[in-house]
Amino acid sequence: MAEVRFENITATYGKKTILKDFSLTVNSNEILCLVGPSGCGKTTLVRCLLGLMKPESGKITVGDRVLFDAKKRINIPAEKRNIGIVFQDYAVWPHMTVLENVSYPLKKRRVPKGEIKERAMKALELVHMTTYANHLPMQLSGGQQQRVAIARALVVDSDILVMDEPITNLDAKLREEMLLEIRLIQSRLKSTVLYITHDQQSALQLCDKMAIMEPNGSLCQYGTDEDIILHPANKFTFEFIGVSNMIPVTCKGEKICLDCGVDYKLDVELPKGTTFAEKSVMGVRMNDVVFDEKSDVKAQVVSKVFLGSEYNYFIKLGHKVIRVQQSMLDAKLSGVPEDGATVGIRFVNPRFYDAKEEHSEAV
Amino acid sequence: MKLFKQNNNLAALDGGRRFSLDKALTITTFVLLIIIVLIPIFMIIFNTFFVKATTGRWSLDLSMFKTQLTDTKNLSAMWNTVKIAFFTTIVGTIAGVFYAWLLGRSDIPAKGLMRALFNIPYMFPPFLGAMAWDMLLNGRGGYFNKFLMNLLHLESAPLNINSIWGIVFVEVSYYFPFVFMQVVAALEKMDPTLEECARIAGAKQSTVIWRITLPLTKPAISAGALLILTTSLAHFGVPSIIGYSQGIYTLPTRIYAVIYNAGGSFEGIRQGAALSVLLVAVVSAALILQNKILSSGSYDIIKGKSTRPTLIKLRGAKYPLLVFCVITLLVIVVVPLVMIVLVSFLKAYGLPLKLENFSLIQYTRVFKGGGTIDSIKNSLFASITAGVVCMLLGTLVAYVVQKIKPKNKGALEFMSMLPYAIPGTVLSIGVILAWQGSILNINLYNTIWIIIVAYLARYLSFSMKTSSAALLQVSSSLEEAARACGASHTESLSDITLPLIRPAMVSGFFLIFLPAMREVTTSILLYGPKTRTLGVQIYGLRDAGMIPQAAALATVAIGIIIILNTLVNYIVKDRKGV
Chain G
1 MAEVRFENIT ATYGKKTILK DFSLTVNSNE ILCLVGPSGC GKTTLVRCLL
51 GLMKPESGKI TVGDRVLFDA KKRINIPAEK RNIGIVFQDY AVWPHMTVLE
101 NVSYPLKKRR VPKGEIKERA MKALELVHMT TYANHLPMQL SGGQQQRVAI
151 ARALVVDSDI LVMDEPITNL DAKLREEMLL EIRLIQSRLK STVLYITHDQ
201 QSALQLCDKM AIMEPNGSLC QYGTDEDIIL HPANKFTFEF IGVSNMIPVT
251 CKGEKICLDC GVDYKLDVEL PKGTTFAEKS VMGVRMNDVV FDEKSDVKAQ
301 VVSKVFLGSE YNYFIKLGHK VIRVQQSMLD AKLSGVPEDG ATVGIRFVNP
351 RFYDAKEEHS EAV
Chain P
1001 MKLFKQNNNL AALDGGRRFS LDKALTITTF VLLIIIVLIP IFMIIFNTFF
1051 VKATTGRWSL DLSMFKTQLT DTKNLSAMWN TVKIAFFTTI VGTIAGVFYA
1101 WLLGRSDIPA KGLMRALFNI PYMFPPFLGA MAWDMLLNGR GGYFNKFLMN
1151 LLHLESAPLN INSIWGIVFV EVSYYFPFVF MQVVAALEKM DPTLEECARI
1201 AGAKQSTVIW RITLPLTKPA ISAGALLILT TSLAHFGVPS IIGYSQGIYT
1251 LPTRIYAVIY NAGGSFEGIR QGAALSVLLV AVVSAALILQ NKILSSGSYD
1301 IIKGKSTRPT LIKLRGAKYP LLVFCVITLL VIVVVPLVMI VLVSFLKAYG
1351 LPLKLENFSL IQYTRVFKGG GTIDSIKNSL FASITAGVVC MLLGTLVAYV
1401 VQKIKPKNKG ALEFMSMLPY AIPGTVLSIG VILAWQGSIL NINLYNTIWI
1451 IIVAYLARYL SFSMKTSSAA LLQVSSSLEE AARACGASHT ESLSDITLPL
1501 IRPAMVSGFF LIFLPAMREV TTSILLYGPK TRTLGVQIYG LRDAGMIPQA
1551 AALATVAIGI IIILNTLVNY IVKDRKGV
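Residue numbers (our numbering), protein chains in the order written: chain G, 1 to 363; chain P, 1001 to 1578.
These are computed hints drawn from the structure, not numbers from a lab. Treat the hints with care, since some could be wrong.
Unchecked claim - What follows is a list of derived Cβ distance ranges for each label pair:
1. P:Ser1476 with G:Glu118: 26 to 34 Å
2. G:Glu176 with P:Pro1499: 32 to 40 Å
3. P:Ala1203 with G:Glu176: 40 to 48 Å
Claimed, not checked - Every beta carbon over 12 Å from chain P, so not counted as near; a handful from chain G, in silico:
4. Arg81
5. Pro112
6. Ser141
7. Asp171
8. Lys190
9. Thr224
10. Asp263
11. Asp288
12. Glu293
13. Ser295
14. Lys304
15. Phe306
16. Arg323
17. Ala331
18. Gly335
19. Arg346
None of these values were measured; they are calculated from a predicted model. Quick reminder that beta carbons are idealized off the backbone N, C-alpha and C, glycines included.
Here chain P stands alone, though its shape is the one from the complex (with noise of 0.2 Å):
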């Protein structure tokens, strides 16, 4: 692999300086992201369909797929999974530019209030949203079923929020923010005489915005709905705790189940393999599907200069349009939330939600049973070491993909947002497989550290982007003053180029370290006895049966969450200020 141009003759001459310190850096990136990236997903590809006789030899064995591809269980969850994934991301798509339309170009009142609160969800962890809602309309008496029971003398729960509509709605609830914080942001740098000028040429209002504002809005509008397709199609936590009591399996879920029927055997793990292969193939084919429909060209007319944009007139329907906003934010934010909260008070799941029945005896139990602070802890270390490699690494990738610019840069890009398109339950099978010992017997299984390698892969994308996206600012004639100023190539590193990026390194790590904190999807399948994070401390205790005591938790987890948010926005505004 000849990864640099030079001629031989000369390559001796730098006394070793420039040249070495980027080499240096390029074989660095290589070797991090082959053993983050590659080995997991090439260790699935390999154990679906190779296996390892008695003669310790490896043979190709196609039997297993086709068994899990026949399995009709298998076939209905990869069906679910697709109508859940379409449905989704098309309301969820439609639900974001609405909601994107009306708070960035109408006149609506308490638009900044309103926009800080359409953020809520994005920073809710989902699978506390299916909590709440499947205590409030569970089709098995869940607590707005009784009410609405007992108030229209109903015989059976008028509503059941255990179907693949239920996990829909609640999946859009929180994924909508994806296409409206895309399509906000999209909105606001738009150029407004792009506008003007299709008003001045003519155009009404309704034509402009069809003709003009959405056209131009489309790539992030597309971005954003990729990014909803492909997190439900990888997502657990939803439709596990919807979907599991009637039956109704995901892929994910599918494949949790399997592993964990298994007890941890290598063929379970097998299994579960074949079936994330089965996975990969569902979201590539969507990814294609999706690239057609929404090529997404990007105009550069959205950038720029950010001038203020006309808003648009609602007259009448200004009131009732702000009356739905509130009322979507009460049934997304506001409910669930209260709903969390109170029955985390409850004595027991079940009794009515009355003062006398309230008290804080679920703390108590939660905190004195067993794991439920070591998990907290283990969620911080994992999070804040991933949060912390990633951003490193991720500028480091950046840098190299960005100003050393290798031959082959192209597969340092590919490799670093491949896990980007695999969903987090894939490459926890990946982890496994590659860090149980079948690599020169490093075995990190049931150890934190094995969800800290999942974090790595599944979040290195995100701090790339935004290192990228940085460095992209950075024009090289700055590095380059600072060496003809007499700075050697680390120092103007150090001076320049690593000071100027600094701000986008710290979001960089919140971005990361946020979703860490409280996600499930990944380390469901990675935990130990002893390394329960946050999130599957929280589902244990749901799935054993101990709901109120799950609230307590999860109302502990979304103080934390917001406590972290604030202070990630004082940070933020903090170093912008400068």
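Chain G extracted, bound-state conformation (with noise of 0.2 Å):
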């Protein structure tokens, strides 16, 4: 397996650009997931890979394979890339059994007839769909018909595995499973799999690394799903991954203030050698908000669920109503409040954006 590498991607479709200057690379052996918006460009980076679609300009080599190249003109044919894929439709071909679709690729390889049958058979063992060999497709469910794609994209030695949204048309528990499993085979055969997927849940759960694209196509973060969560680049990235509260701020002298029809001082120094736009957001996330009695910040409980392992509320802070999730261990520490009831809260780790511009930098 190979690293693949994209160089200053630029794509259009019609007159509009769906890519600029993109530039992405997924390391040999790992798992990236490339997560983003729905229609911010990643199924069209995927045909691009897959050579379905012609970029514009820019670059993209598999190992040291060079698959496109604007500037040498160099464009392989999607048929020669080496390439396994599976797509969200699952794209099993409905006149073929099962056993025929995982074969076929074999075949256009002119691999050897006996050799077919057995490496065939070998795929389907990988993801547990042998009994079924002689079925067609459509005696088979939404989840068995993937595997049957999986298997398909497995068959040959691909130099890389593209996953365009694998689970997105499976129902939640097949959905956890199928991810475990491909874990599974990744860290078996040592693939290298590029994920695509709008859902960042799935991405934290089976991701190496993660690549996260903005609305625009612009690669807005990359790295390890710790690094994301923990270091968003951008309010675009805080935002999209995970529940997050955006509190508009004002800056009163040195100090922060809320600025929703309360205006608490907050306990936050401003970060040395920053400016302070006029219109600021504080973002914090909904575990990032504790119950404090102490904290002279005080909202008003507007209604609570109880989800399992934790409590979710809704408060009202002057009038802007913010979300809060309390852990059970916190709920058994600092009891739960009533509804109604007025407490005091304290924000962990806030971060500050401009509230003008989408996409600023952190401050």
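Using the hints, build the complex out of the two chains.
Shown next as structure tokens:
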């Protein structure tokens, strides 16, 4: 398996530019989850990699092999790129049996007949589908069809395995199972995987590295999952990953003040050497809002939901309703406030962003 | 004409693979459609308004069009055409919806059998029906008229089929299945919860039918009605057989008469072309009007899972309605069929229908007489060739429009659907004008190929529609997955796409083959001495007064059609079962 590099890819669809100077590297033997909202250009990137779409400029390499280079006028046709793909809608051919589906890539590579069956069955074994070898796809459930699609992508030694939203069409429980299985298969085969999704939850579960794309098609952060959760590069990443509260704030002298109908001063120093914009927002994750009787900042509980392992609250701070998550441990220790009760709250680990600019860097 | 969006620097990058195949397919489609569809239509318009002077230059000449337009014969023909089409559409649509609802939604007995029987008029050639009714109800001695006159001691025939209303009656009998079949299908696919919700909300059964069921099936009704309208406007067989003796002309029969009288001279064909422009104008006006009245919005709710709708209980009306259905079937299917078969056994036309007057002599005569065997061969050859070529070409157009999506795909779609709205008679004239030597000296006149070319233009939209619908079901990711698995573009087409749409292609073939086998409207203007089709041969025999022989050949034709239809059902079913 090999490393995949996108260098300065620009891709347009009609007059609309989808990707502009996009660069990204998928490390060898790792799972990279590319996460972004719907319509941000994830699938366009996959199509460029597969050779189903031609970028306007840039370069794509897999290992030492150049698949596309606009300057050198190289564009390897799709069928010669040696990339395994699993599509969102499975794309299992309905007129072929499971075995025929999985054998197809081998047939196209002129593998000897005896070997085809053996290798196809081995691939089916990986996804626990050997008993269904002679079934037609329409006799299978969605999850089973997806397994067939994965087996078909694994059956040849592709340089890289691309999965474009492979589990979106499955139900929640099956999704969980498939994620574990993909992880297992990957670690067994040491594959390089580019996993595309808009669902950050499954990305967190699966990835070695994560890359976040903004709606405009640019890459806004690349790193490990911890990195991205703990040190979001900008407001977009912060808001996109996890549930977050955005509370308007202003700067009064050296102190930062809430600006939502109540003007509590916050116990936060202005970061040194930065200018504070006129209109700013404070971003704080729902589990970073802590009930604290001693705090000056008071809010009212509007409603709460018990979710088994935690409580979720809607609380009213001035005219702004914010969300709070309280773990069971906290609930045990500090009690569960009633609806309508006034509580003191404290913000842990707040971040400040310019309210006007959507994609500004953190101050 | 810039067909493709592309980055010119990179045009050569593909090593000539995917792009060039797509490009080749697109260009082929354009060229073929222009040759088959656009040129004949252009030729009609051009020849109507332009004339070649002796100096060899073409000049604008409106006199031909003016003379045709002011000729009272033509005007009355136009009026007849409109009247017949109007009433046929109205009555046919009402009948189609009524029977569709009865067989699709009520608890009337013997539904399966009746549905099969109600589809018979669709495959029955209307002009054979017209022949049968002319035998029965001819104002001067139809068999049924004679029977009534004897029974009731009447001086003159009580019924006369040879009138505008006779034509309407016969056309309705054979065209109402257009609406019937569409609406039955829509009713079956309709989500029954839509009706159930209305009932739960407090609506009466009749309110549900009026306010929910009918509006939801409106697109199907509208599509079927449109088909009746355009077919009736362009139809030649029925008005010709029933109206000719009384001097009742419609535009298509008028066009035939004009060309026939002129003995195939260019002047006659030009007159025909001018009348064709008139006919096209009438059809276009009708289409626009129809569009205004029944704007066909499509409701997605009709699609989807098919669950058995709840059937409406007819209670006391059950058996009277059943009897009514049976009588309808008797009148429109059994009576004409029996009549044709009986007459085919008569020693001479006009003899009473008694066993002593029956023999097989007409069959030996018709097959011994010149041209019959040839006409069957011609029809088989032309229909099979047209069916195969249309199937391939229709799939090609559908593929280009649905999958390659070039910039001008709207133009492609328009061109392939154009003949759908253009009467067969008109297309024939265009084909004559185009392929009798005026373009590149290609002269197909008097050969079977000119008939095939006309069939292609006329039926292409049928196969394109079926292939198009099938291709829409084939998600593009299926082909893309094949590419990623190592299949070239051509291989992905042959391994994945074609096998998936093959059933649709097969049914597309029969959708063309069957009507082409029995049609008379197109070939009546195009046949030459050696290229009579089955329809033309029957028409000719009847026209020459050899009615029992015509009936004998008609019986044979009906036999062939029934055998082929059974074969089709067998083949299509077999494919679905896999």
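So which hints don't hold here, by number, going up?
-> Structure breaks hint 4 only.
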